[in-house]
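Could you put the whole structure together from the sequences, leaning on the hints where they help?
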Amino acid sequence: MTVTAIRPGHRAAGRRGALARALLGSEQDPRWSRPAMWAVLAVAFVLYAWALSGNANEYYAAAILSGTKSWKAFFFGAIDAGSFITVDKPPLALWVMGLSARIFGYGTWSMLLPQAIAGVAAVGLVFSAVRRAFTTPAHPGGGRRGHVAALIAAVVMTLTPITVAINRDNNPDTVLVLLLVLSAWFCLEALRTGRMRSLLLAAFFVGLGFNAKMLQAYLVVPALALAYLACARTPWIRRVWHLVAAGVVLVVSSAWWMVITDLWPKDSRPYIGGSTDNTVWDLVIGYNGLGRIFGQGRGNGGGGGGGFGGESGAGRLFNEILAGQISWLLPFCVVTLAFAILLRVRRVTGDGGPSGAAWLVWGGWLAVHYVVFSFSSGTFHPYYTTAMAPAVAALAGTGVVVMWAAYRRSRAWAWVLPLAVAVTGGWSFVVLRRTPEWLPWLAWVVLGATLVAVAALVLARMRRQVRVRVAAVALAAVVVAGLAGPAAYAVTPLRSQTNGTNPTAGPSSGRMGFGGPGGMRGRMPTGGAEFPGGQSQPGNAERRAAFMGRGGPGGGVSDALTKYLVANQGGATWLVAVSSAQQASGLILSTGRPVIAMGGFTGSDPAMTVARLQALVSSGQLRYVLSGSGGGPGRGDTEVTTWVRQNCSAVDGQDGLYDCSE
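Counting in UniProt numbering, the sequence shown runs from 1 upward without gaps.
For the record, the hints were derived by calculation from the structure and aren't laboratory data. None of these values were measured; they are calculated from a predicted model. For every residue, glycine included, the Cβ atom is placed at its ideal position computed from N, Cα and C. Hints are supplied without guarantee of correctness; some may be wrong.
Claimed, not checked - In silico DSBU-like cross-links for lysine-lysine, where the CA-CA straight-line distance does not exceed 30 angstroms:
| no. | residue 1 | residue 2 |
| --- | --- | --- |
| 1 | 72 | 563 |
| 2 | 266 | 72 |
| 3 | 69 | 563 |
| 4 | 266 | 69 |
Said to hold, decoys possible - What follows is a set of in silico ranges between Cβ atoms, one per label pair, in the way DEER data are often shown:
| no. | residue 1 | residue 2 | range |
| --- | --- | --- | --- |
| 5 | 472 | 410 | 51 to 57 angstroms |
| 6 | 563 | 245 | 57 to 63 angstroms |
| 7 | 560 | 430 | 49 to 55 angstroms |
| 8 | 20 | 144 | 45 to 51 angstroms |
| 9 | 222 | 659 | 53 to 59 angstroms |
Structure follows, in structure tokens:
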């Protein structure tokens with residue numbers, strides 16, 4: 001009888017079922033790996049989902065609420081259920097939250113819980129991608145190094161301050177990051193397995209990312225394409241063909257909603273918010289495209305300084321606004337990439353190092369985002385930088401493992417890890433000292449841990465007889481030096497409501513533009529109130545108190561005026577027409593009624609014309625226009641304003657309100 005030898009990996013697969021493998025991993029994995037991963041994911045869920053009540057961008061919240069009342073508004077991403085104008089982004093992220101709201105009922109948790117889950121999923125995918133990058137024939141499961149690197153990456157991703165803040169909000173960036181991490185995961189799988197299908201899926205997910213936040217999704221494309229072109233295990237001509245096929249998938253998965261919307265008759269769909277000619281294409285290349293980079297026209301929300309994120313330039317990500325959100329481990333990543341490039345890491349670290357493709361994917365991801373985010377002259381919000389978090393996390397996890405291996409194996413390069421720790425800890429000290437009144441002791445703890453870590457690493461390398469004990473002290477100090485600062489920032493959103501329009505974490509630096517930390521706070525309460533005529537809307541009173549006058553420029557609407565409009569709407573489709581979406585969103589949330597935002601988000605969209613206003617009034621779809629309390633068409637001597645004041649009657653006791661039915 002022939003006895004067949006069974007390898008440990010095969011024995012594990014036969015012994016554990018699918019559920020056990022999901023919870024504990026395969027038997028060839030370190031026993032601590034999978035439970036540690038689940039623990040990190042649990043921490044991530046708590047950070048992203050704890051005390052969500054009160055967090056929301058009212059602009060997107062209004063569109064989500066409207067989407068629960070009208071499938072047409074849902075599909076186009078209209079801010080109002082009457083579908084007059086869309087938000088200035090494609091609607092995929094709104095669909096995710098809107099479907100949850102339709103299933104479970106509209107509210108804070110039904111809207112924001114999918115965001116928290118998406119954030120946790122992104123952490124898990126980063127763990128998986130980093131671990132798999134260490135896979136070799138000798139280490140089919142990634143080896144111990146792969147599991148350590150993956151766990152560190154997951155922790156870093158979880159504790160990135162701006163990621164915690166944005167994952168507790170309803171901006172589309174959370175969904176965007178998940179889709180981009182999926183694209184990187186499948187690209188790395190295509191390079192690991194040689195399957196073209198995985199490359200096509202990578203392109204597909206980038207295209208879905210385009211439908212969440214347009215051209216920002218494409219910032220990962222250079223890194224993915226370069227990695228495949230350089231590292232695919234196929235002939236060059238086939239690599240090019242595969243990339244062409246992936247490009248086709250990318251175009252189709254990106255453009256389908258845009259094509260349908262632009263081909264739809266304009267008189268039966270909402271105006272495309274943020275565009276100048278009522279087309280998605282103009283929105284792509286203008287307001288959400290070149291305008292963000294070069295600050296042209298309305299894409300420049302903050303002049304040359306980019307508004308919310310500070311002055312553009314090489315140091316933007318390290319300024320007093322952004323440093324505490326994303327920059328903590330950027331110095332470590334720079335050292336890691338330089339080390340990888342100079343030494344071709346495998347020669348120093350031995351078997352079990354990460355694949356070259358992983359360095360290109362994550363390094364290219366970080367480099368492209370750094371350049372674009374640093375030098376863009378248009379509107380730039382701090383939360384955009386959450387798109388850098390996966391690359392920072394992957395490079396940090398990989399870098400620790402690789403530099404530790406070099407530290408142990410090579411006397412010539414043993415100094416790299418202490419240098420990286422010193423630079424990282426020193427920068428954390430600088431960031432923390434910018435707000436000396438906030439946890440004043442923390443900066444000194446980080447500095448002390450940095451000094452201990454560097455000294456212990458040097459001592460352990462010099463004295464072999466104390467290496468193990470001193471190295472353990474060094475590693476503990478490294479963790480404190482690298483993660484204490486971002487961890488302290490990361491927990492701050494749990495203790496207070498964040499600004500829905502411009503969510504950030506940590507203390508106020510005093511340098512934030514509109515809506516920064518310590519500034520105006522958006523809220524999304526629950527409850528109920530009754531309006532005149534016995535009409536009850538869930539959450540009316542609380543939402544009205546929370547949203548009126550908050551979340552953006554454009555001013556608020558008084559409680560008395562809101563009640564008057566609800567009581568006198570009659571059979572009109574829209575409650576009122578106002579200048580901008582900032583006003584409209586508050587009214588939509590407080591009343592649950594459709595409100596026309598004549599000028600879109602900024603108040604300057606040419607969505608309303610005299611002819612269209614006349615048609616809405618004559619058909620009985622609109623009765624009231626609120627003029628002169630915001631920007632855009634409701635201010636000054638525009639044609640629309642002039643027509644309203646000449647043809648409508650001012651309502652006594654309601655400043656700026658005109659009744660056009662008389």
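Taking only the CA atoms, is the gap from residue 266 to residue 72 under or equal to 30 angstroms? 13 angstroms, holds
Check the hint pairing residue 72 with residue 563 against an upper bound of 30 angstroms on the C-alpha distance. 27 angstroms, holds
Holds or violated: 57 to 63 angstroms for the Cβ distance of residue 563 and residue 245? 59 angstroms, holds
Given the hint of 49 to 55 angstroms, check if residue 560 and residue 430 actually sit that far apart at their C-beta atoms. Given range 49 to 55 angstroms: holds, Cβ gap about 51 angstroms.
Verify the proposed pairing of residue 266 with residue 69, using a straight-line Cα cut of 30 angstroms. Status holds; Cα separation ~21 angstroms.
Distance restraint evaluation - residue 20, residue 144, Cβ atoms, bounds 45 to 51 angstroms: 21 angstroms, violated
Are residue 69 and residue 563 close enough, with their CA atoms no more than 30 angstroms apart? 21 angstroms, holds
Hint check for residue 410 and residue 472 - Cβ pair distance inside 51 to 57 angstroms: Since residue 472 and residue 410 have Cβ atoms about 21 angstroms apart, the given range 51 to 57 angstroms is violated.
Hint says 53 to 59 angstroms; check whether the CB-CB distance for residue 222 and residue 659 agrees. Once the Cβ atoms are compared, 56 angstroms apart, the range 53 to 59 angstroms for residue 659 and residue 222 holds.
Checked against the numbered hints above, the structure violates hints 5, 8; every other hint is satisfied.
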